[in-house]
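*Asks:* Okay, here's what each chain looks like letter by letter:
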Amino acid sequence: AQSVTQLGSHVSVSEGALVLLRCNYSSSVPPYLFWYVQYPNQGLQLLLKYTSAATLVKGINGFEAEFKKSETSFHLTKPSAHMSDAAEYFCAVSDGGATNKLIFGTGTLLAVQP
Amino acid sequence: EADIYQTPRYLVIGTGKKITLECSQTMGHDKMYWYQQDPGMELHLIHYSYGVNSTEKGDLSSESTVSRIRTEHFPLTLESARPSHTSQYLCASMTGFVSEAFFGQGTRLTVV
Numbered sequence: 001a002q003s004v005t006q007l008g009s010h011v012s013v014s015e016g017a018l019v020l021l022r023c024n025y026s027s028s029v030p031p032y033l034f035w036y037v038q039y040p041n042q043g044l045q046l047l048l049k050y051t052s053a054a055t056l057v058k059g060i061n062g063f064e065a066e067f068k069k070s071e072t073s074f075h076l077t078k079p080s081a082h083m084s085d086a087a088e089y090f091c092a093v094s095d096g097g098a099t100n101k102l103i104f105g106t107g108t109l110l111a112v113q114p
Numbered sequence: 001e002a003d004i005y006q007t008p009r010y011l012v013i014g015t016g017k018k019i020t021l022e023c024s025q026t027m028g029h030d031k032m033y034w035y036q037q038d039p040g041m042e043l044h045l046i047h048y049s050y051g052v053n054s055t056e057k058g059d060l061s062s063e064s065t066v067s068r069i070r071t072e073h074f075p076l077t078l079e080s081a082r083p084s085h086t087s088q089y090l091c092a093s094m095t096g097f098v099s100e101a102f103f104g105q106g107t108r109l110t111v112v
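Line by line, the protein sequences are chains A and B. Note that our numbering numbers the first sequence so that position 22 is 22, with each residue one more than the last. Note that our numbering numbers the second sequence so that position 107 is 107, with each residue one more than the last.
Treat the hints with caution; some may be incorrect.
Said to hold, decoys possible - Some chain A residues judged to face chain B by a derived CB distance under 8 Å, without partners named:
hint: 1; residue: Ser94
hint: 2; residue: Thr99
hint: 3; residue: Asn100
Said to hold, decoys possible - Per the computed footprint, the stretches of chain B lying under chain A, defined by three or more beta-carbons under 8 Å from a beta-carbon of chain A, are:
hint: 4; region: 30 to 43
hint: 5; region: 47 to 60
hint: 6; region: 90 to 97
By construction, these hints were calculated from the structure, which means they are not laboratory data. Here a beta-carbon is modelled for each residue, glycine too, at the ideal position from N, C-alpha and C.
Please model the entire structure based on the sequences and the hints provided.
*Replies:* Here it is as structure tokens:
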């Protein structure tokens, strides 16, 4: 069975500081990994995805994530936080099967302090 | 911008009532999903569909039912709402292989 674990349900950073949101996965097959962002009272929006091409994946809004098989990790980073980055971030894994089901982590709420 | 819509956005309803949460997409996506989201918890898949007349239960057991009579429409029904059904319900659609899932804005259901 596939699963993802997000370490830290709440992360707070200062504006301009590095953002690091952690995600570790468990999968018996090569995983497809995703980061989604959810703004208050909104649905989820795709930030980026890893599909076994380049291990460093660049997404929207300056975010990127690196797939590390040896560490079973897919951490999300952004060099400089902006106030507009405050949101909830979800890591997800899929086996890419016929259903394309996404298995989500518990989410990390990012707060950005001025 | 995603063309997937959920109605209503908010619903407060009494115990025992029958409710239907609507989800429609105009992108022609074949796969559609319903997730249940509680505060501080992961999204749990409760139903999915590969296409018309195809529905499957997800990983989280749910008393709700779904139907997929048209490609664009994937409603979720609760025959008899209970306070334990209070949650946010998110609908999503996707096409292709390991592609982006588009989410609606969600329906926040409160059963009193």
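*Asks:* Of all the hints given earlier, name the ones this structure violates by number, lowest first.
*Replies:* none
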